[in-house]
Amino acid sequence: MEAASVPSSAGLRRTRRRGDRVGDNLLHALTALAALIGVLIVFAIIWRVADGAWPAIKVFKLHFLVDGVWNAPLNKFGARDLIIGTVVTSFGAMLLAAPLSIAIGLFLSELAPPAIRGPVGTLVELLAAVPSVVVGLWGIFVLAPFDAQHVQPFLGRTLGWIPIFAHGQDKVESTVFTAIVVLTIMTIPITSSICRELFLGVPNELEEGAIALGATRWEMVKTVIVPSVRGGVVAAVILGLGRALGEAIAVTQVIGNFIPLKPSIFEPGDTGASRLANQYQGAISNIQVASLIYLAFILLVITFITNLAAQRVVKRFEFHRTGGD
Amino acid sequence: MTRGLALIAAAAVALTAIAAAGAKSNDTTISGAGSSFVAPLVSTWTPAIGSAFGYTVQYSPVGSGAGIAAITNRQVDFGASDAPLSPDQANACKSCVQIPWALSATSVAYNVPGAPVHLNLDGKTISKIFLGQISNWNDPAIAALNKGANLPDLKITPVFRSDGSGTSYNFTDYLSAVNAEWKSKIGVSTQPAFPAGVGAKGSGGVAGVVSRTSGAVTYVDVAYALKNHIKFAAVRNAAGKFLFPSLRRITAAAEAFPKVPANNEMHIVNPPKSAALAYPISTFTYVIVPQQTSHAAELRKLIFWALTQGQKPQYASKLMFAPLTKSALVASEKTLKSIHT
Chain A
0 MEAASVPSSA GLRRTRRRGD RVGDNLLHAL TALAALIGVL IVFAIIWRVA DGAWPAIKVF
60 KLHFLVDGVW NAPLNKFGAR DLIIGTVVTS FGAMLLAAPL SIAIGLFLSE LAPPAIRGPV
120 GTLVELLAAV PSVVVGLWGI FVLAPFDAQH VQPFLGRTLG WIPIFAHGQD KVESTVFTAI
180 VVLTIMTIPI TSSICRELFL GVPNELEEGA IALGATRWEM VKTVIVPSVR GGVVAAVILG
240 LGRALGEAIA VTQVIGNFIP LKPSIFEPGD TGASRLANQY QGAISNIQVA SLIYLAFILL
300 VITFITNLAA QRVVKRFEFH RTGGD
Chain B
0 MTRGLALIAA AAVALTAIAA AGAKSNDTTI SGAGSSFVAP LVSTWTPAIG SAFGYTVQYS
60 PVGSGAGIAA ITNRQVDFGA SDAPLSPDQA NACKSCVQIP WALSATSVAY NVPGAPVHLN
120 LDGKTISKIF LGQISNWNDP AIAALNKGAN LPDLKITPVF RSDGSGTSYN FTDYLSAVNA
180 EWKSKIGVST QPAFPAGVGA KGSGGVAGVV SRTSGAVTYV DVAYALKNHI KFAAVRNAAG
240 KFLFPSLRRI TAAAEAFPKV PANNEMHIVN PPKSAALAYP ISTFTYVIVP QQTSHAAELR
300 KLIFWALTQG QKPQYASKLM FAPLTKSALV ASEKTLKSIH T
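Order-wise, the sequence lines are chains A and B. Numbers 0 to 324, taken from numbering that gives the first Met the number 0, label the letters of the first sequence in order. Numbers 0 to 340, taken from numbering that gives the first Met the number 0, label the letters of the second sequence in order.
Since the hints were made in silico from the structure, they are not lab data. Please note that a few of the clues may not be correct.
[Unchecked claim] Mimicking SDA-like on lysine to any residue, the simulated pairs with C-alpha atoms at most 25 Å apart in a straight line are:
| hint | chain 1 | residue 1 | chain 2 | residue 2 |
| --- | --- | --- | --- | --- |
| 1 | A | Lys-57 | B | Ala-89 |
| 2 | A | Lys-261 | B | Glu-180 |
| 3 | B | Lys-93 | B | Lys-333 |
| 4 | B | Lys-325 | B | Phe-256 |
| 5 | B | Lys-182 | A | Asn-74 |
| 6 | B | Lys-184 | A | Pro-144 |
| 7 | B | Lys-184 | A | Val-119 |
| 8 | A | Lys-261 | B | Pro-46 |
| 9 | A | Lys-261 | B | Lys-127 |
| 10 | B | Lys-184 | A | Leu-61 |
| 11 | A | Lys-261 | B | Leu-130 |
| 12 | B | Lys-226 | B | Pro-46 |
| 13 | A | Lys-75 | B | Gly-201 |
| 14 | B | Lys-127 | A | Lys-57 |
| 15 | A | Lys-60 | B | Ser-213 |
| 16 | B | Lys-230 | A | Pro-144 |
| 17 | B | Lys-182 | A | Phe-59 |
| 18 | A | Lys-170 | A | Leu-158 |
| 19 | B | Lys-154 | A | Ala-165 |
| 20 | B | Lys-184 | A | Asn-285 |
| 21 | B | Lys-311 | B | Pro-46 |
| 22 | A | Lys-261 | B | Lys-311 |
| 23 | B | Lys-154 | A | Phe-140 |
| 24 | B | Lys-182 | A | Val-68 |
| 25 | B | Lys-154 | A | Thr-157 |
| 26 | B | Lys-184 | A | Asp-66 |
| 27 | B | Lys-123 | B | Thr-250 |
| 28 | A | Lys-170 | B | Lys-184 |
| 29 | B | Lys-184 | A | Ile-83 |
| 30 | B | Lys-300 | B | Leu-242 |
| 31 | A | Lys-170 | B | Ser-337 |
| 32 | A | Lys-261 | B | Arg-211 |
| 33 | A | Lys-261 | B | Thr-250 |
| 34 | B | Lys-184 | A | Val-129 |
| 35 | A | Lys-314 | A | Thr-222 |
| 36 | B | Lys-184 | A | Asn-74 |
| 37 | A | Lys-261 | B | Gln-132 |
| 38 | A | Lys-170 | B | Ser-210 |
Computed from a predicted model, the values in this text were never measured in an experiment.
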């Protein structure tokens, strides 16, 4: 209506107005719908999972979190060791993957000769395309024997005085440690390629400025590149952690599927996602199904908590950055 | 709830079925899924059933648990399981019937360098090994069963199935029958909570771990052990004889239990002394079908063929499946008649 009073050519105005209105409305409606669907799906998942878990929540209440017995024929279910297994494997993988990914990202964005950036970057990203069951098979046939023969005995000899690295006489192939290494390999492509993009996004002027001020390569990386994208790097690591928390198939193939958990990571263990993958199809009782969904609910909560924590970290870094400018 | 979860499993099965249906649209396609134990037998039947009735049988060996899920969701025409339906599974499946259609046994396989080819074990010892109470191959309990044999000083690693498995059911059924402690602590299940050892997914996963772990012991169906040249033990039965599984000994075990309950759930482990030649870890395996199904006529023909022609040595013997016993056959045929459209 208002537009009519604006002095302009009548013909142009009509076509513009129509196009603008339809396009604007359509864009608005589509994006709002997409956002709404996203929100609805999240709530639908939470509702469905909580609803399915309800029979087990009623029976086991919060004891489920501290009880370590998972015995299907006796209808006793407790998720403690599965939660610990999930946290240990995924955070362990994050500890190994984060420095490696950042190093790969830096190398590919700043240090590598241009001729090899492309091929190496593509190869690292190809790792992400390998299906997890294939990574798991490789874990069984290559990684697990190698770990059992060489890596685990070595770590046991050098760090064995710490209980989690205690290593006995036997060379066990299916271990928590092997699962951590498999998860590390699976998270590196995601995290490293995001890191690379972040580092590439740092304005050249900043880098050149640092060099001009007499900074070495290392000082430039340390004082300019990494600090300016710290929040993004944390977010990239958390994305990798999300994959590690939920990975089921590759883990179940190498971890040994055994609880109660033992103190050493060179022994078999199990995770929540792995137990779900193993037992959901053949669940023998309704309470077992509910307990498995309860377990899924806990995994969901763990993921939410890590994501929220990550957002806070990102915000803090952002604050420091703008505050420091 | 089982439905929601099982849907995903069933979807994969359905996809293969659809693909098969697309390929040969003129034929009747009967799809099935479940037990990997019975899969080699079903695949020897498939061509014969094709030439007898013109049916294409599409069987996916996804494991007993997944097979039950698939038939519960009616994504396949029949499911197959080595373990009988649990009460909750039977409820969820809504008037499904289970029909014993094959008979075989579980072997106790091991990888012990230097151990005798004819290793003798009994139920008490096997159960204590899997409880973690006997943990070395030179344990006096094992030595007493293998006089004169040279047993190494080597840790025992029990290896078990981590996924829902009918073989686990058969094995824990046996251990519960021979050891009260096993029965009260662990029980009988497709997914028992093993108190010691390492778990692996599927028969192949278990066999892989065993082949690479010296000192490992596991349980696996006889056909799989034979086909993959895995050494297995002679197991002492109630009559005191150490026996390897064989067709006659499996039959002897089944014949010791002539009574078939109304739901066809059979337990033929650890038969009494009178069955002197019975192998003690034998099992029936079941085909599971809805009582009311649009493919009733085809399923009746197909399963009747499996119960009769399919038991013949030309299909079953090499795979270590013994012919069904008379009483089981009578019960199966009776149940089969109740299937209708």
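Evaluated hints:
1. Lys-57(A) x Ala-89(B): It holds: about 24 Å lies between the C-alpha atoms, which stays within 25 Å.
2. Lys-261(A) x Glu-180(B): holds, 23 Å
3. Lys-93(B) x Lys-333(B): holds, 19 Å
4. Lys-325(B) x Phe-256(B): Within the cut-off at roughly 11 Å; holds.
5. Lys-182(B) x Asn-74(A): Given that 25 Å is the threshold and the Cα spacing comes to 14 Å, the pair holds.
6. Lys-184(B) x Pro-144(A): It is violated: about 33 Å lies between the C-alpha atoms, which goes past 25 Å.
7. Lys-184(B) x Val-119(A): Roughly 54 Å between the alpha carbons, so the hint for Lys-184(B) and Val-119(A) is violated.
8. Lys-261(A) x Pro-46(B): Violated, at about 50 Å.
9. Lys-261(A) x Lys-127(B): Within the cut-off at roughly 20 Å; holds.
10. Lys-184(B) x Leu-61(A): Roughly 24 Å between the alpha carbons, so the hint for Lys-184(B) and Leu-61(A) holds.
11. Lys-261(A) x Leu-130(B): Roughly 16 Å separates the two Cα atoms, so the pair holds.
12. Lys-226(B) x Pro-46(B): holds, 21 Å
13. Lys-75(A) x Gly-201(B): Holds: Lys-75(A) and Gly-201(B) sit about 24 Å apart, inside 25 Å.
14. Lys-127(B) x Lys-57(A): violated, 36 Å
15. Lys-60(A) x Ser-213(B): Violated, at roughly 43 Å.
16. Lys-230(B) x Pro-144(A): holds, 22 Å
17. Lys-182(B) x Phe-59(A): Holds: Lys-182(B) and Phe-59(A) sit about 24 Å apart, inside 25 Å.
18. Lys-170(A) x Leu-158(A): holds, 16 Å
19. Lys-154(B) x Ala-165(A): Roughly 18 Å separates the two Cα atoms, so the pair holds.
20. Lys-184(B) x Asn-285(A): Distance of about 21 Å is within 25 Å: holds.
21. Lys-311(B) x Pro-46(B): holds, 15 Å
22. Lys-261(A) x Lys-311(B): violated, 50 Å
23. Lys-154(B) x Phe-140(A): Roughly 22 Å separates the two Cα atoms, so the pair holds.
24. Lys-182(B) x Val-68(A): Holds: Lys-182(B) and Val-68(A) sit about 17 Å apart, inside 25 Å.
25. Lys-154(B) x Thr-157(A): holds, 24 Å
26. Lys-184(B) x Asp-66(A): holds, 16 Å
27. Lys-123(B) x Thr-250(B): holds, 23 Å
28. Lys-170(A) x Lys-184(B): Distance ~29 Å between Lys-170(A) and Lys-184(B) Cα, so the pair is violated.
29. Lys-184(B) x Ile-83(A): The given pair, whose Cα atoms are some 24 Å apart, holds under the 25 Å limit.
30. Lys-300(B) x Leu-242(B): Not OK: Lys-300(B) and Leu-242(B) at ~37 Å, beyond 25 Å, violated.
31. Lys-170(A) x Ser-337(B): violated, 55 Å
32. Lys-261(A) x Arg-211(B): Given pair Lys-261(A), Arg-211(B) holds - Cα atoms ~22 Å apart, limit 25 Å.
33. Lys-261(A) x Thr-250(B): Violated, at about 43 Å.
34. Lys-184(B) x Val-129(A): violated, 41 Å
35. Lys-314(A) x Thr-222(A): holds, 19 Å
36. Lys-184(B) x Asn-74(A): Distance of about 12 Å is within 25 Å: holds.
37. Lys-261(A) x Gln-132(B): With Cα atoms ~17 Å apart, Lys-261(A) and Gln-132(B) stay inside 25 Å; holds.
38. Lys-170(A) x Ser-210(B): Between Lys-170(A) and Ser-210(B) the Cα gap is close to 14 Å, so the pair holds against 25 Å.
Violation of the numbered hints given earlier is confined to hints 6, 7, 8, 14, 15, 22, 28, 30, 31, 33, 34; the remaining hints are satisfied by the structure.
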